[in-house]
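2 protein chains.
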Amino acid sequence: MTVKPSIPKGTRDFTPVEMMRRNYIFQTIRTVFEKHAYLPIETPAMENLSTLMGKYGEEGDRLLFKVLNSGDFTHGVDMNEDSPTRLATKICEKGLRYDLTVPFARFVVQHQNEITLPFKRYQMQPVWRADRPQKGRYREFYQCDADVIGTTSLLNEAELMQITSEIFQKFGIDVVIKINNRKILSGIADVLCASDKITDICTAIDKLDKIGKENVCQELMERGLSCEAIDKLQPFFDFSGSNTEKLAKLETIFAESEIGLKGVEEIRKMLEYAEMLAIPTEIELDITLARGLNYYTGAIFEVKARNVSIGSISGGGRYDNLTGIFGLKNVSGVGISYGAERIYDVLNELGLFPKSLECPVKAIFINFGEKEEQYALAALQQLRAEDITAEIYPDKAKIGKQMTFANNKGIPFVIMAGEDEMKENAFTLKNMETGEQQKLNLAKLIEELQ
Amino acid sequence: MTVKPSIPKGTRDFTPVEMMRRNYIFQTIRTVFEKHAYLPIETPAMENLSTLMGKYGEEGDRLLFKVLNSGDFTHGVDMNEDSPTRLATKICEKGLRYDLTVPFARFVVQHQNEITLPFKRYQMQPVWRADRPQKGRYREFYQCDADVIGTTSLLNEAELMQITSEIFQKFGIDVVIKINNRKILSGIADVLCASDKITDICTAIDKLDKIGKENVCQELMERGLSCEAIDKLQPFFDFSGSNTEKLAKLETIFAESEIGLKGVEEIRKMLEYAEMLAIPTEIELDITLARGLNYYTGAIFEVKARNVSIGSISGGGRYDNLTGIFGLKNVSGVGISYGAERIYDVLNELGLFPKSLECPVKAIFINFGEKEEQYALAALQQLRAEDITAEIYPDKAKIGKQMTFANNKGIPFVIMAGEDEMKENAFTLKNMETGEQQKLNLAKLIEELQ
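The listed protein sequences derive, respectively, from chains A and B.
Position 67 of the first sequence, counted from 1, bears residue number 349 in my numbering, the numbering being contiguous throughout.
Position 221 of the second sequence, counted from 1, bears residue number 503 in my numbering, the numbering being contiguous throughout.
Watch out, some of these pointers could steer you wrong.
For identical chains, the list gives no copy identity; a pair is met inside one copy or between any two copies.
Distance condition first, Cα-Cα at most 20 Å in a straight line; then the derived SDA-like pairs of lysine to any residue [said to hold, decoys possible]:
no.	residue 1	residue 2
1	K528	E548
2	K317	E640
3	K286	K372
4	K291	K372
5	K372	H357
6	K726	S619
7	K452	D627
8	K317	G339
9	K489	K586
10	K712	A679
11	K286	C374
12	K317	K644
13	K286	T671
14	K317	P694
15	K317	E566
16	K286	G336
17	K531	E548
18	K653	E548
19	K495	C509
20	K678	L399
21	K551	Y657
22	K691	E316
23	K417	Q732
24	K372	D360
25	K372	M361
26	K317	Y306
27	K286	V458
28	K644	M301
29	K372	D354
Keep in mind the hints are simulated off the structure, nothing from the lab.
Make a model of the complete structure from these sequences and hints.
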């Protein structure tokens with residue numbers, strides 16, 4: 283029986299052109315990470331479910347891909363268990379990595395005696411989520427994370443902004459780095475005398491862009507915030523000015539909120555460091571930024587590309603107690619994550635992929651038959667010795683077929699060497715774009731292709 | 283509750299040092315693949331189980347990691363099904379990639395309208411097998427495969443040998459490339475008048491190295507081979523001489539076996555091409571080589587490292603009808619696979635990893651406090667602008683602690699700039715290996731670190 287080939291929904295194959303582009307993205311990010319002394323680690327695709335469960339909320343647990351135990355997975359299990367969720371944890375001990383942060387926390391705790399803190403690591407690996415697939419959202423996608431753990435210095439925050447700036451500069455993508463601080467959000471809740479409602483407030487504020495002021499107030503009222511508190515929230519809705527102006531305003535508003543003032547101080551210090559590092563990218567304090575609230579305890583980052591209607595292409599923040607869940611207390615970390623697929627889409631939309639990525643093969647020798655093949659192979663060896671990526675058509679097919687092959691692959695140069703050329707110890711080089719042809723000796727041929 | 287962190291058995295975390303070494307392996311292989319015009323592709327970690335099942339034998343099916351269906355996986359399934367194997371296929375639609383060859387075949391068939399044959403692709407991704415973990419055998423490991431499909435030219439076989447030669451030359455590993463051909467094995471079965479017993483004969487011959495001649499004969503007798511046939515097998519046991527001599531001998535023995543003679547002709551042509559390409563690595567015809575018998579239809583490769591007692595570090599061959607299982611007939615391919623973990627072990631055992639991989643960070647600035655930090659940051663920016671990988675200790679910790687940090691990480695240079703240095707616009711550079719110190723201006727500092 284013939285199986286009609288397909289792949290699971292939400293997953294993708296990558297063709298050579300896509301791979302060349304993706305590798306360009308990974309390589310660019312890797313280079314910047316490494317220049318800033320971040321070191322690579324990798325963790326297994328499968329983690330114990332006990333490591334993953336309960337770390338991403340109820341929704342996250344549902345979205346984990348679970349791996350069936352090997353062998354007789356039914357052994358000693360009541361297969362008539364009513365709840366599929368409970369049954370799943372009995373027949374599956376392992377799950378696929380959902381992000382890179384929890385595995386990193388697990389790594390740090392497990393290897394605490396092998397690593398020296400502060401530990402700056404980067405990690406670029408796929409993650410898997412059983413989300414409903416839709417445009418731009420996949421069930422398998424890559425994350426590129428840089429985190430530093432074991433230091434509370436805000437220099438780290440600044441360095442991550444510098445890395446971000448450098449990465450997007452290399453890509454030629456014009457971005458703005460939006461920053462906030464969880465402590466500022468806590469300060470706002472303080473001012474509203476609604477510290478217990480901070481999650482509701484942040485969730486609502488976060489939607490300001492999308493649903494507008496009226497709806498945010500409506501939502502907060504439904505969530506039990508008093509009219510008085512909502513009134514006090516008004517000034518935060520139209521919070522304009524330079525970062526310095528915003529910080530001055532906040533300082534006044536937070537006169538009575540210790541945590542709010544701490545937030546102002548942290549942002550100020552981060553910006554001071556950013557200035558010392560001469561980060562050229564615009565950094566904008568955005569007090570509505572509330573991503574990853576349950577996670578972050580200090581700085582919050584989000585990167586937006588200008589000129590494209592794609593959401594954030596990067597985000598991160600500081601978490602004071604990430605390794606606590608694995609038993610290692612009081613280790614603070616700060617990190618940022620770059621989404622490869624979002625960056626791909628932006629580069630694609632803006633036409634920013636370097637043209638050199640289109641076809642890595644510089645030239646192909648046409649195969650005219652046994653004698654000519656031998657002549658071509660000797661030359662091909664010389665080209666490769668000079669690090670020129672070249673190939674020879676492996677069969678003596680019709681010339682038209684071989685030319686079509688070169689054309690389809692987008693190979694810029696075709697080299698022909700038949701009887702005539704062999705007599706003259708020469709090669710005919712055809713530029714596939716211009717159609718121009720020239721007869722050259724080997725030295726000149728190499729020169730042309732270098 | 284605190285979860286004691288661990289990872290599933292047979293899987294591994296990779297620390298920075300291991301990652302640097304692994305990346306060196308991947309990068310070296312990738313460079314050689316690309317120079318020979320092999321193009322990268324990637325396929326998803328999860329494939330439909332229907333793609334994977336039945337492709338690796340019964341044992342293989344058992345070793346596939348199966349991924350539980352999302353949501354209510356019990357819906358419409360008789361959970362009291364007696365056979366766990368059958369039940370597994372009802373509650374799991376997906377499985378983890380077991381190798382790169384079957385996904386590649388699936389890729390070629392699925393994307394046949396997008397790719398131009400002959401198609402040279404490489405793929406370097408992890409695969410997963412629920413094997414019993416043991417020394418050197420993991421449940422998650424990387425394969426690095428190069429295959430060309432859609433051409434029967436033996437030039438491809440020669441090119442794969444050339445690639446192999448170049449890769450191991452770059453690693454500094456002395457190897458021998460062993461070759462055989464499935465048609466030679468068929469010829470041997472012909473000569474023995476036991477074509478129906480070819481699998482038994484090959485399985486037994488393959489063990490010659492391990493169990494010796496006597497035991498091989500014993501095994502073949504048990505498998506129903508006649509005494510006469512076993513007698514005829516004797517000459518193949520002590521098959522010595524140069525490749526040319528071996529081929530001449532085989533030609534005589536195969537006088538009556540058409541397929542045997544075809545095998546001889548193919549090997550001869552491969553060696554002719556190898557000579558044209560001036561492959562410097564020893565290539566040895568080994569007629570006992572019978573790996574992947576159910577797969578390969580032509581050439582068979584195996585690479586062994588000299589001076590280490592590790593099995594084959596690479597292997598491959600030609601398969602005439604790989605895509606047939608997915609409905610695309612008559613597409614011949616030939617490929618080779620390099621095992622990253624085996625290569626790692628060999629490089630490690632022979633001490634061949636470049637020393638430069640040990641610590642990518644060239645220098646670290648000691649952090650003496652606010653003013654000095656600012657002075658150091660300005661210099662750090664200059665170093666990084668010159669592509670020197672450097673960092674600054676992010677906190678003003680005790681000097682001893684900072685020096686220990688540099689030492690533990692193996693950073694070769696420490697830069698100190700306190701009040702004195704600041705006055706002189708200088709930096710003290712300490713070589714951590716020799717202990718030597720010198721005071722330098724910024725330009726000299728950059729020069730020393732470049």
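Hints versus structure:
1. With identical chains, the CA atoms of K528 and E548 are at most 20 Å apart within one copy only, with a shortest distance of 14 Å there and 78 Å across copies.
2. Taking CA atoms no more than 20 Å apart as the test, K317 paired with E640 passes between copies only; the shortest distance there is 15 Å, against 27 Å inside one copy.
3. For a Cα distance limit of 20 Å, the shortest separation of K286 from K372 across copies, 19 Å, qualifies, whereas the shortest one inside one copy, 33 Å, does not.
4. Taking identical chains as interchangeable, the C-alpha atoms of K291 and K372 lie at most 20 Å apart only when they sit on different chains, with a minimum of 18 Å there against 26 Å within one chain.
5. For the identical chains of this complex, K372 and H357 are neighbours both inside a copy (10 Å) and across copies (17 Å), given an alpha-carbon limit of 20 Å.
6. Within a single copy, K726 and S619 get their C-alpha atoms no closer than 47 Å, and across copies no closer than 36 Å, so neither meets the 20 Å cut-off.
7. For the homomeric pair K452 and D627, the shortest alpha-carbon distance inside one copy (16 Å) is at most 20 Å, but the shortest distance between copies (36 Å) is not.
8. For the identical chains of this complex, K317 and G339 are neighbours neither inside a copy (35 Å) nor across copies (47 Å), given an alpha-carbon limit of 20 Å.
9. In this assembly of identical chains, the alpha carbons of K489 and K586 lie at most 20 Å apart only when taken from the same copy (16 Å versus 61 Å across copies).
10. In this assembly of identical chains, K712 and A679 lie within 20 Å of each other by CA distance solely inside one copy; the values are 18 Å within and 64 Å between copies.
11. Proximity of K286 to C374 under the C-alpha cut-off of 20 Å is restricted to the inter-copy arrangement: shortest distance 18 Å between copies versus 29 Å within a copy.
12. Proximity of K317 and K644 under a CA criterion of 20 Å is satisfied inter-copy only: 10 Å between copies versus 30 Å inside one chain copy.
13. Taking the shortest Cα distances, K286 and T671 never come within 20 Å of each other, neither inside one copy (35 Å) nor across copies (50 Å).
14. Proximity of K317 to P694 under the C-alpha cut-off of 20 Å is restricted to the inter-copy arrangement: shortest distance 15 Å between copies versus 34 Å within a copy.
15. In this assembly of identical chains, K317 and E566 lie within 20 Å of each other by CA distance neither inside one copy nor across copies; the values are 25 Å within and 45 Å between.
16. Only between protomers do K286 and G336 lie at most 20 Å apart by alpha-carbon distance; the minimum there is 15 Å, versus 38 Å within a single protomer.
17. Taking the closest pair of Cα atoms, K531 and E548 come within 20 Å of each other only inside a single copy of the chain (15 Å); across copies the shortest separation is 82 Å, beyond that limit.
18. In this assembly of identical chains, the alpha carbons of K653 and E548 lie at most 20 Å apart only when taken from different copies (18 Å versus 74 Å within one copy).
19. Taking the closest pair of Cα atoms, K495 and C509 come within 20 Å of each other only inside a single copy of the chain (14 Å); across copies the shortest separation is 93 Å, beyond that limit.
20. Taking the shortest Cα distances, K678 and L399 sit within 20 Å of each other only across copies (14 Å), while inside one copy they are farther apart (61 Å).
21. Taking the shortest alpha-carbon separations for K551 and Y657, only the inter-copy value of 16 Å comes in at or below 20 Å, while the best intra-copy value is 67 Å.
22. For the homomeric pair K691 and E316, the shortest alpha-carbon distance between copies (14 Å) is at most 20 Å, but the shortest distance inside one copy (33 Å) is not.
23. In this assembly of identical chains, the alpha carbons of K417 and Q732 never lie at most 20 Å apart, being 41 Å within a copy and 46 Å across copies at closest.
24. Proximity of K372 to D360 under the C-alpha cut-off of 20 Å is found in both arrangements, the shortest distances being 9 Å within a copy and 17 Å between copies.
25. For the homomeric pair K372 and M361, the shortest alpha-carbon distances inside one copy (9 Å) and between copies (14 Å) are both at most 20 Å.
26. In the homo-oligomer, the alpha carbons of K317 and Y306 lie at most 20 Å apart both inside one protomer (17 Å) and across protomers (17 Å), since each shortest distance falls under that limit.
27. Proximity of K286 to V458 under the C-alpha cut-off of 20 Å is found in neither arrangement, the shortest distances being 46 Å within a copy and 40 Å between copies.
28. For the identical chains of this complex, K644 and M301 are intra-copy neighbours only, at 17 Å inside a copy versus 31 Å across copies, given an alpha-carbon limit of 20 Å.
29. Taking identical chains as interchangeable, the C-alpha atoms of K372 and D354 lie at most 20 Å apart whether they share a chain (12 Å) or sit on different chains (14 Å).
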